[in-house]
Amino acid sequence: MAKGKVVVNQDECKGCGLCVESCPQKGMALREELNHYGVHPAQQVEDVCTGCGICYYVCPEPGAIVVYKVVAEAPRSEVLNAATV
Amino acid sequence: MSEYKVTQSKAPVFFEYFDRKDENRHQTHYCPGCGHGVAHKLIAEALGDLGVQEDTIVVSPVGCSVFAYYYFNTGNVQAAHGRAPAVATALKRSNPKATVISYQGDGDLAAIGTAEIVHAANRGENITVFFVNNSIYGMTGGQMAPTTLVGQESTTSPWGRRPNNEGFPIKMSEMLATLEAPAYIERVALSDAKHILQARKAVHKALELQKQGAGFTMVEILSPCPTILKMEPVVARQWVHDVLTKHFPLGVFRDHKPEFTPVDVPQKPIAELLGITGSKLTEEEKHSRRQHTRAKTIKVAGFGGQGVLLLGQLIAEMGMREHMEVSWLPSYGPEMRSGSANCSVTLSHERIGAPVITRPEVLVAMNEPSLRKFGATVKTGGVILYNGRALPEDLHYEGVSVACIPASEIADQIGSARVANVIMLGALLEATDCLPFTTASHVLANFVKNQKLAEMNEKALAAGRDFLDKEILVGAVAGPDGCGE
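So the protein lines, in turn, are chains A and B.
Just so we're on the same page, this note's numbering is the position in the first sequence counted from 1, plus 298.
Just so we're on the same page, this note's numbering is the position in the second sequence counted from 1, plus 1010.
Isolated chain B, as found in the complex (with noise of 0.2 Å):
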């Protein structure tokens, strides 16, 4: 007595219902024909039969298969716009042991995110990409895409794509089978049954090569869009064997192993990299730290050229040897000298969010177009460190504890005007407390190798608190104008 038996049915890679609307759970959202569902078929099964369904995260294009993460129950990520193969990256690099797939259109992997795929594909990362090529723009309704065939109308191109005015189609599998890196590549075709089995056995291989560590691999899958095509589904397929296929031809472009040499290069954490030892601090010892050291967020701006960014770098630095919580985050225009510059310290005794500083308790305002920009955005209770004798008449600043240090002028008697970053440092440490100045010179002595410049830094570095110290009082002296008598 014979009976019957499943021998195919939906892969269990697949969510069991598909949540994206109340209504039609159960099937896709792709239209009647099209090829995105063959595609993730074929994707599902393969990561069945390769059992690493628990360890793949996909990550969905923008596109008519932006919605992959309601069908794929696996991780998901949705990228922006031709970004997929750069999130994928970051994805693979960051869970080595995941299979991680892009997932892209034509219009996603061969227009806006040209730069990405090739770049992906040069370092060789070894991801999956599942790059499906219907030579048009499916989801925003039938513009012309990279891969739009010479004459092939579309609503961009309704006279047919003219190579003169368009260029020609861009053949994505051969372009990168130029580069070095990618292990394997081959172009299949959604046509026919006996293309979709081909189609299958390289989804298969593909992944199965990644889950070697072979390296960067890519099916670029040419697939049927009846919709924008104006075809019946199965015109539609025809369209894509007797046409598409006639100028994407399909075949392995590349199928080799990369020869990496291998670079050994320290793996260490950051802080044994700086020379930072013992960071593993009992309760007791970082209680005692936090007695000489404040949490502080604090804003310096100046020119370009006037070590704006260096000085945030070297607080930062000084932070992170008294085990605080740092970041430093730069903001400058493209000018390498006398652009605006600014940069946000943050000093803190617990984890820091984000780096992003708009309200500062310190102001180190290295010129006065950075103090009128910056100084109405500090604190009540904070600080501004100014570089002048005094501040512009017209400005006054409510709540706030004022010093003017002649940096630039003491910076020159000291013999640099480079220095004047640091002077403003020893008038911060002082003004603040934040960080001790031992820790200070010890970062300087070790930035610096030049010894006149370091021995100059260090007369920056106590002119600065003396200036402070004995000239003028911070807080207890900020009058209405700002400035000490």
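Here chain A stands alone, though its shape is the one from the complex (with noise of 0.2 Å):
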């Protein structure tokens, strides 16, 4: 069971592939299926999310991305302190 888990809404994804792109483990790739938009969506594909939260700061839409982690406290700042240094 890895860390985390990252949940894409399949019709708020406008398929751009930033998380795609961002994703430091690699672990994100854009559908072969087009979504109802006619868009490719992004959904998680590898089971190696640590839960950073990055994928869900560089997509651009509101909702689009939830982000799970194993029960860990004050997420935010740690991602913050680890995507920084």
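Take the hints with a grain of salt, since some may be wrong.
As the list claims (entries may be wrong) - Quick look at which bits of chain A chain B covers, simulated, 3 or more residues with Cβ under 8 Å:
#1 313 to 321
#2 326 to 334
#3 360 to 367
Keep in mind the hints are simulated off the structure, nothing from the lab.
Just so we're clear, the structure is a prediction, and the values are computed from it rather than from any experiment.
Beta carbons: idealized from backbone N, C-alpha and C, even for Gly.
Since each chain sits alone in its own frame, please combine them into the complex, following the hints.
Written out as structure tokens, the structure is:
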């Protein structure tokens, strides 16, 4: 069981691919199938997620990405520190 | 047994659904990979973290982000192109406890809105500006912006921006940082995860500083526009990193608490400043006052220099002293002397909606052109007071009382052409009973410091009244030619 997981709203995603490019673990990919709006939405494809939250911040859609993490306190500051060091 | 918990999801500051259109209520209108969405998310998150969502007003601009009000579940105002900092100024000054955000693009802020941003910054308004700079006009289809780079192609610089023809890109952050007042100015970029998280800190800091009352704060956000730049989102973001940040260096340009020495000014109601005391009237007192005042809409017109605007102001002040609702709306050309001037004055016992008067009940025409221009607009049953011995032969007014008062001649006899307007005032009060003479005398006496002029004003007021009283009777004598026998 990986430390984190990412759920992408398949209708809200516009398939820009920024999360795929940004994922440090290379765990995201655009799907081959088109969604209802005619784009290839992103999804998590590898069980390597650390729950770092980078995909959430690089995603331009307010609610397209939800990040889960195995119980952790104050996850936001952790992300920030990890990513800016 | 461990379990997953949500650590990042849609910020509660966003609406649950975006009601811009029936379709796609769950996603923004921005293009795939657009920087606006990320900027919105950072702002929404900061507002939530600071706990100010309920007290926040977002001013959205003209540009792609014009629809910001469909996304932020806060107070929202959409400003005219470039005017967001001016609107934000008004919102902040009238709601000092609110968190006021001006969200603008580079066309809005650095082109048509250059004046507004410079002066809002220079006044140190306690607002936060988020300046999204993508170096191009997005919504209108890729025209050159003030921030377009040298050599960068756009639909209006198809050979690339040439400094000899279009000038250099404007660096707004650096420019505004030369001013004394701004508290915090930083430029960030949405070029990769690391920089987005730096932007997140800057956005949070700017809003926190506003909450502390630090003064003007601005975060310039370099942002990708994949559609107009004709790049894949990932490439556009890389371009921001490789190219845009080279020309617009990232960093903090201002971070200090500006030193203001507050100057105490009396914070009093206008009535008190003008020495109008006892403004709280009982219903009985109000009723009694209404006995000797009349609601009127008055247009005063003439040449600039005839005291046209001043006469309107004086009437309005007299109304205030009689506890009436008043409005005074000047309209005049750029000339200070000899151009045409007019003003509209409303005296009312009710609150006044619009100060514009298109059909006055009373017209004071200080000269013939004014009479010709406004005479026909006077309401049936109204009064025209004309500065002259008689109406021009070709003018006739039906259903209107007309009095011709040679005010300029009488004024010369009194000793100064300047008091002609006061003579007309005397005639106006006598003809309409809208205000008591004692109030007029009182206001005139307060207005004029020069004793000699004060005496002439008294004479003029009486002369106007007497002329109307003795020589003609308004209304009763208004024949087809208007003037009494």
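With a Cβ-Cβ cutoff of 8 Å, does the stretch 360 to 367 of chain A contain at least three residues near chain B? It holds, with 8 qualifying residues against the three required.
Outcome, coverage of the stretch 326 to 334 of chain A by chain B - at least 3 residues whose beta-carbon is closer than 8 Å to one in that chain: Check failed, 0 qualifying residues.
Check whether three or more residues of the stretch 313 to 321 of chain A sit with their beta carbon closer than 8 Å to a beta carbon of chain B. holds (count 6)
Going down the numbered hints, you'll see the structure goes against just number 2.
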